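Enquirer: Each protein sequence line maps, in turn, to chains A and B. Quick note: the first sequence uses this note's numbering, first residue 1, plus one each step. Quick note: the second sequence uses this note's numbering, first residue 1, plus one each step.
Read the hints as simulated data drawn from the structure, not as lab findings. Predicted model, so just to flag it, every value in this text is computed and none were measured. Any given hint could be a false lead.
A partial selection of chain B residues facing chain A, derived with a Cβ cut-off under 10 Å [unchecked claim]: (1) 43; (2) 60; (3) 87; (4) 104.
Pulled from the structure, derived: some chain A residues nowhere near chain B, Cβ distances all over 10 Å [said to hold, decoys possible]: (5) 11; (6) 14; (7) 18; (8) 28; (9) 40; (10) 50; (11) 52; (12) 60; (13) 62; (14) 72; (15) 81; (16) 112.
In this text, a Cβ means the ideal position worked out from N, Cα and C, and glycines have one as well.
In case you want the letters, here they are:
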Amino acid sequence: GAGVSQSPSNKVTEKGKDVELRCDPISGHTALYWYRQSLGQGLEFLIYFQGNSAPDKSGLPSDRFSAERTGGSVSTLTIQRTQQEDSAVYLCASSFSSGKNTQYFGPGTRLTVL
Amino acid sequence: RKEVEQDPGPFNVPEGATVAFNCTYSNSASQSFFWYRQDCRKEPKLLMSVYSSGNEDGRFTAQLNRASQYISLLIRDSKLSDSATYLCVVTATSGTYKYIFGTGTRLKVLA
Chain A
1 GAGVSQSPSN
11 KVTEKGKDVE
21 LRCDPISGHT
31 ALYWYRQSLG
41 QGLEFLIYFQ
51 GNSAPDKSGL
61 PSDRFSAERT
71 GGSVSTLTIQ
81 RTQQEDSAVY
91 LCASSFSSGK
101 NTQYFGPGTR
111 LTVL
Chain B
1 RKEVEQDPGP
11 FNVPEGATVA
21 FNCTYSNSAS
31 QSFFWYRQDC
41 RKEPKLLMSV
51 YSSGNEDGRF
61 TAQLNRASQY
71 ISLLIRDSKL
81 SDSATYLCVV
91 TATSGTYKYI
101 FGTGTRLKVL
111 A
């Protein structure tokens with residue numbers, strides 16, 4: 001079946017611009033996660049959605065970052081007024097539910113802020 | 001101290017060799033443990049879960065030592081295709097969804 005998809009695969013933007021990254025989870029997966037991976041760094045948790053519950057935003061690095069998930073499926077991560085330190089690969093994952101269920105990752109969006 | 005620590009490597013081994021990686025974690029309440037594999041410029045993919053009794057999947061064996069708070073991965077009869085970065089993953093506390101990733105250990109299997 002189809003896996004997690006993300007778009008765009010690459011995004012180059014200028015400092016100060018806003019960007020939107022999209023994630024389509026695996027059909028039937030109720031849990032969705034966003035992570036960030038900077039060069040040479042481990043994956044950093046950003047935000048988590050589970051069904052209709054309020055999202056866990058504890059990993060968002062600043063108020064320039066926000067995310068929403070419409071209809072319990074597609075999610076959009078928005079970064080406002082991008083900075084060079086936002087350059088990273090943004091990975092989305094989904095799972096059947098929270099807890100011990102395996103998270104499956106999308107191919108990521110490589111963001112470069114000039 | 002990082003929540004999950006791994007030796008970054010790289011580990012350069014010849015084909016057919018046995019190689020082992022360790023990973024230590026700081027939160028004694030962690031309940032779930034995994035090894036993920038990440039190829040260059042690709043997304044992480046689950047290699048195997050790690051169970052308390054230890055588990056094996058073909059050439060791969062995972063062990064958990066709760067007393068010492070470390071996880072290990074053993075790869076026997078290394079193949080060129082095993083070359084990748086191996087990520088140690090720990091969940092924050094019991095049943096929680098938050099994955100805490102190590103920075104990964106790079107493995108290069110040489111012909």
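Enquirer: Looking back at the numbered hints, which does the structure fail to meet, lowest number first?
Expert: Violated hints: 2, 9 and 10; rest satisfied.
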